[in-house]
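S.K.: I would like the entire structure built from these sequences, with the hints used as guidance.
Protein chains: 2
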Amino acid sequence: MTATSKSLRLNEDLPLDSGQVLSGVEIAYETYGELAADKSNAILICHALTGDQYVASNHPITGKPGWWERMVGPGKVIDTDRFHVICANVIGSCMGSTGPASLASDGQPYAMRFPVITIRDMTRGLVALLDGLGIAQLHTVIGGSMGGMQALSLAANFPERAARVLVIASTARHSAQNIAFHEVGRQAIMADPNWRDGNYYGEDCAPDNGLAVARMAAHITYLSEEGLTEKFGRRLQDRPDGTKGAKSFGFDADFQVESYLRYQGSGFTQRFDANSYLYITRAMDYFDLAEEHGGLLADAFAGSKARFCLVSFDSDWLYPTAESRHIVHALNAAGAPVSFVELSAPFGHDSFLLDVPALDRVMKGFLE
Amino acid sequence: MTATSKSLRLNEDLPLDSGQVLSGVEIAYETYGELAADKSNAILICHALTGDQYVASNHPITGKPGWWERMVGPGKVIDTDRFHVICANVIGSCMGSTGPASLASDGQPYAMRFPVITIRDMTRGLVALLDGLGIAQLHTVIGGSMGGMQALSLAANFPERAARVLVIASTARHSAQNIAFHEVGRQAIMADPNWRDGNYYGEDCAPDNGLAVARMAAHITYLSEEGLTEKFGRRLQDRPDGTKGAKSFGFDADFQVESYLRYQGSGFTQRFDANSYLYITRAMDYFDLAEEHGGLLADAFAGSKARFCLVSFDSDWLYPTAESRHIVHALNAAGAPVSFVELSAPFGHDSFLLDVPALDRVMKGFLE
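Chains A and B supply the protein sequences, listed in that same order. So for the first sequence, full-length UniProt numbering puts the first residue at 1; every next one is plus one. So for the second sequence, full-length UniProt numbering puts the first residue at 1; every next one is plus one.
Keep in mind the hints are simulated off the structure, nothing from the lab. Computed from a prediction, not measured in an experiment: that's the story for all the values here. Do not rely on the hints blindly, as some may be mistaken.
Label pairs and their computed distance ranges (CB to CB) [as the list claims (entries may be wrong)]:
no.	chain 1	residue 1	chain 2	residue 2	range
1	A	N332	B	R361	36 to 46 Å
2	B	P15	A	D241	22 to 32 Å
3	B	R361	A	D241	30 to 40 Å
4	A	M1	B	R239	48 to 58 Å
5	B	G107	A	N199	37 to 47 Å
6	A	D131	B	R239	33 to 43 Å
7	B	Q108	A	R325	26 to 36 Å
8	A	R262	B	P15	28 to 38 Å
9	B	K231	A	Q20	29 to 39 Å
10	B	P193	A	N332	29 to 39 Å
11	B	P15	A	E203	45 to 55 Å
A few chain B residues facing chain A, derived, Cβ under 10 Å [as the list claims (entries may be wrong)]:
no.	residue
12	L16
13	F181
14	A206
15	G210
16	A253
17	Y260
Using N, Cα and C, we set each Cβ at its ideal position, and we do this for glycine too.
M.R.: What follows is the structure, encoded as structure tokens:
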């Protein structure tokens, strides 16, 4: 669909949780649908770890449709005939917003000189964008996975900026297991000699092998065991020599699931920057909304007047339903209006991106 | 405790499922306790993926106690005052039995010229060892995890060789998710430039970085989410400069779980060969006992006269209880006597190696 690609350069420095500041920040974003004269119809969609601002328009590198094309458009659940939809690339990422591949003041890429950022820092960038656009209050902020963390962070730290908060398949804190999987990915990248302590920009080779392994490990956590069994089971690939589904007794991708994972890994390296992967996973691991607010999650929402909607999926073992329920209990304790549903879907964590009609109905109801 | 370290060189070639044969096979093994004159008191313990024959004696490289020291010894559950306990390194491994690091007939290490082996091939090696020791029938074959696969394979393919079969935290087939995690590990090893297509023996560097990443990813699957939360949660490391548990806003191991994983990864590389890791994970991924026997698991046990005992753990998400139940149903259909229990333990898949008193009781009862 028709999108407007823009980038906003912030006039003021962005203060960060680390105590550092980021100067000359660019926020790249896409918009869809018209902004009402009273600016009351803006929806901010926050993207996940490896997502980007191309929520409903073709990706400039892969040419593939937007990652939530099924959800955003004229007459769709997030109806662009009615809403002005904004989706911005988070800082630290690599699709136009300031990140480790951007040039520092010395004209060289930041690389690992880029400051470690947090989810709240990403949210600060989004709020600066809203300021730049003159949008005082969003109709709704929406996010799945890491996008949900930003939505929660916005509600907690900038409570007046969103009237509705929709959080899908997310969590208020990263668990030890979440951190562990991310650490495997970071170690895979840093073990790649082409990583060169992050200084691979302008070199012939990027740490693609390490990044692919990181993506493969993460990708398993996005899918359910049942989903993998249904989709691939133990089915074998047809061999290059034409043999139908036989074991090679070698180390080629014999099983379809191996081939699928390799494809996911190598495809990812074409569109994502390894250093951005390090920084964004770090931000997610640091995320603990209660800790930011004195240790009690309910206190994070004490100032909120927003309405909340939480959605989890029964097959999501990355951010299982218990994590959403934990947030709901905190919202209840804070007296915030909240609806919560656990949906049944076979796709694991990735359910929020896939065809789950019940999710459409829940979202449509919440946006009424 | 006192162990006898031995190695048996097989006089005959070992036929493999791939159609190849392995010549001059060595099987390195440890024994504990006296073999009865009628040879009726032998117990074979089969080790897991990264295990070895040092079940109850110090590891020659790490110096650490045997991996099942708590279970094997005088007066212990597997009582060496009563039983003659045998534990052999599987073929394909790296602790003395023939594997990729062994010399081929040309005097050079096999490396990736080593044939791809299966669990049944490992079992053939173990049976050849029993033949060499003149043991016609084991009192019991015992195995956890991959050891359980060998125990099942022995029961199915050599039904007269064991009177009792004890299978703990195991499965009759690798699932798509199991294969996926192993494939991540293999890709991590193969992506390491020091792997050199497997030809790193005698070089200055082995693919330790890749092997460490593989181990880290696998290690997460051995633990439960709850266990990780209990053990580490989001607790931070004390900083090298003495700062107590504060975020570094960098990429050091801030969280205790990161530090633990890194330690697990690097420690593993000191005692294990990367090519062995490739071959053994491949064997596990190929394992599908039903497929070997015409597609019906019950048929695998048609000729068995053994008594079976299956144990699973409620927090094991690598080989969950459903996999054990699947085996039990097949044994029921085959008319084999089987007892089955799901034990409650917080440690995930690794529960079979850790202090779970209920496991001791179940095993003791089965060995009466």
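S.K.: Confirm or reject each hint.
M.R.: Checked hints:
1. N332/A / R361/B: 36 to 46 Å: At 43 Å between Cβs, range holds.
2. P15/B / D241/A: 22 to 32 Å: 24 Å, holds
3. R361/B / D241/A: 30 to 40 Å: Violated, at about 54 Å.
4. M1/A / R239/B: 48 to 58 Å: 50 Å, holds
5. G107/B / N199/A: 37 to 47 Å: Holds, since G107/B and N199/A (Cβ atoms, about 43 Å apart) stay within the stated range.
6. D131/A / R239/B: 33 to 43 Å: 36 Å, holds
7. Q108/B / R325/A: 26 to 36 Å: Violated, at about 59 Å.
8. R262/A / P15/B: 28 to 38 Å: With a Cβ separation near 32 Å, R262/A and P15/B satisfy 28 to 38 Å, so the hint holds.
9. K231/B / Q20/A: 29 to 39 Å: 33 Å, holds
10. P193/B / N332/A: 29 to 39 Å: 54 Å, violated
11. P15/B / E203/A: 45 to 55 Å: For P15/B and E203/A the Cβ distance comes to about 50 Å; the hint holds.
12. L16: Nearest chain A Cβ about 9 Å off; hint holds.
13. F181: Hint on F181/B: holds, closest Cβ of chain A at ~6 Å, below 10 Å.
14. A206: 13 Å, violated
15. G210: 7 Å, holds
16. A253: 8 Å, holds
17. Y260: This interface hint holds because 8 Å falls under the 10 Å limit.
The earlier numbered hints that this structure contradicts are 3, 7, 10 and 14.
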